[in-house]
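Trainee: This is what each chain is made of:
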Amino acid sequence: MLMIRSIQTTAAAAALAFLVAAPPAFAQPAPERDPKAMEALSAMGKYLRSLKAFTLRGDTAIDEVLDNGQKIQFGGTVDYRVQQPDRLRLDVRNERRWRDFYYDGRTLTQYGPRAKYYAVVGAPATIAELVQAADQKYDIEIPLADLFLWGTDKSGLDDIKSASFIGPAQIGGKDCDHFAFRQEGVDWQIWIQQGKQPLPCKMVITTLSEPSQPQYSAVLSWNVAPKFDKSTFTFVPPKDAKQIPAAQVQPAAKK
Amino acid sequence: MKSFRDFAAAALALAVFGTGSALVSADAHAGRQVKNTTRTSVNKNVNVNKNVNVNTHRNVDIDVDVDRGRDFHPVATAAAVTTAAVVTSAVIGSMVYTLPPACVPVQIGPALYQQCGNVWYQPQYVGTSVQYVVINPPR
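Same order as they appear, the protein sequences are chains A and B. The first sequence lines up with residues 17 to 271 when you count with my numbering. The second sequence lines up with residues 312 to 450 when you count with my numbering.
Keep in mind that a hint or two might mislead.
[Claimed, not checked] Anything over 10 Å on all C-beta distances counts as not near chain B; from chain A, calculated:
1) L67
2) R115
3) G183
[To be verified] Under 10 Å between C-beta atoms, here's a sample of chain B residues computed to sit facing chain A:
4) P412
5) I419
6) P434
Bear in mind the hints are in silico, worked out from the structure with no lab data behind them. What you are looking at is a predicted structure, and each value in this text was computed from that prediction instead of being measured. C-beta atoms are modelled at their ideal positions from N, C-alpha and C, and glycine is treated no differently.
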């Protein structure tokens, strides 16, 4: 009884404190698009576009949603090896699926190292075009494709409806700034390294179209002065690998 | 990443697991149906209304996924596998994520097929998923 009363008292006090303190804080909504956050994105995009080559390891977690709405998380990694404008190697590993992608400015090869199936399709001339074409033509969503679009005319910055600066944070030993954005279909957060190399330290993307709002997160570690072998971007099929077709996206039937 | 796709028979598998019934299970490894919605990039043209499902008729769901790439495997992997279900009713053009047991890979010219009894499948990538299209017997 005493405990209940105590909780009630505490609750009442908290409510009072809320009433006294809170209204001014909530009555003034934050600017819809904090210029500091938008400028940070622009600076990051500009810096990303200045990189001639990089490697990137992302430690990832993705929620998949079961039919009953339950979220299941799978961990994994993405390893990018990139030489602008037209060489890309991407190895995706998660608990369910392994895929390697090779792009050389002419073709995109997808290889499943466990199934040992590979498919080769024609590809556009740049990585920025590739990430969009892969999605639209072959339903291959290149993870973190934004990395190749920020700082271009496809940066999507105009789509952002809300932008805020959350605060500083340490990610993987680096000092980063934490920002949060909202736009149609997604809420997303990014941590951008402080200083002269404004690289993304981490990203979290929340999908809003699904009621349970599944998330994808990636903690990123960069090397902006990599050296590549010539073979990095060229797929040589293992002896027991088999080539199979890749289905093209069909235009959806009009409703 | 688009890791998961619908397929009808998962509902059957769930029903079987859910009731603990001794009914015929299509396969102990049959995946649960998973939605395919989590985005891995912000700038995605969500207005493009895509349909990669050449044929959504997927009533064959018997799992021998060499990649184990797509399915969410339930805990009950030791559940009874009683029969190979209805492969003979596979419809030409239909797609499945997993093959029936005891298929034989057959290379004819440049093309790779899987022959499972009298049903032939051609593997293909749909997005990043390997799917098997039921085809007319190539020989």
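Trainee: Hint by hint, note whether the structure agrees.
Mentor: Here's how the hints hold up against the structure:
Taking the minimum C-beta to C-beta distance to chain B, about 18 Å, the non-interface status of L67/A holds against the 10 Å cut. Consistency note on R115/A: stated as away from chain B, yet its beta-carbon is not over 10 Å from all of that chain's, at 5 Å minimum. Non-interface call for G183/A relative to chain B: holds, since the shortest CB-CB distance, roughly 21 Å, exceeds 10 Å. Proximity of P412/B to chain A is violated relative to the hint, the smallest CB-CB distance being about 17 Å (cut-off 10 Å).
At a threshold of 10 Å, the smallest CB-CB gap from I419/B to chain A is about 12 Å, leaving the interface hint violated. About 5 Å separates the beta-carbon of P434/B from the nearest beta-carbon of chain A, less than 10 Å, and the hint is met.
In summary, the structure is inconsistent with hints 2, 4, 5 from the numbered list given earlier, while agreeing with the others.
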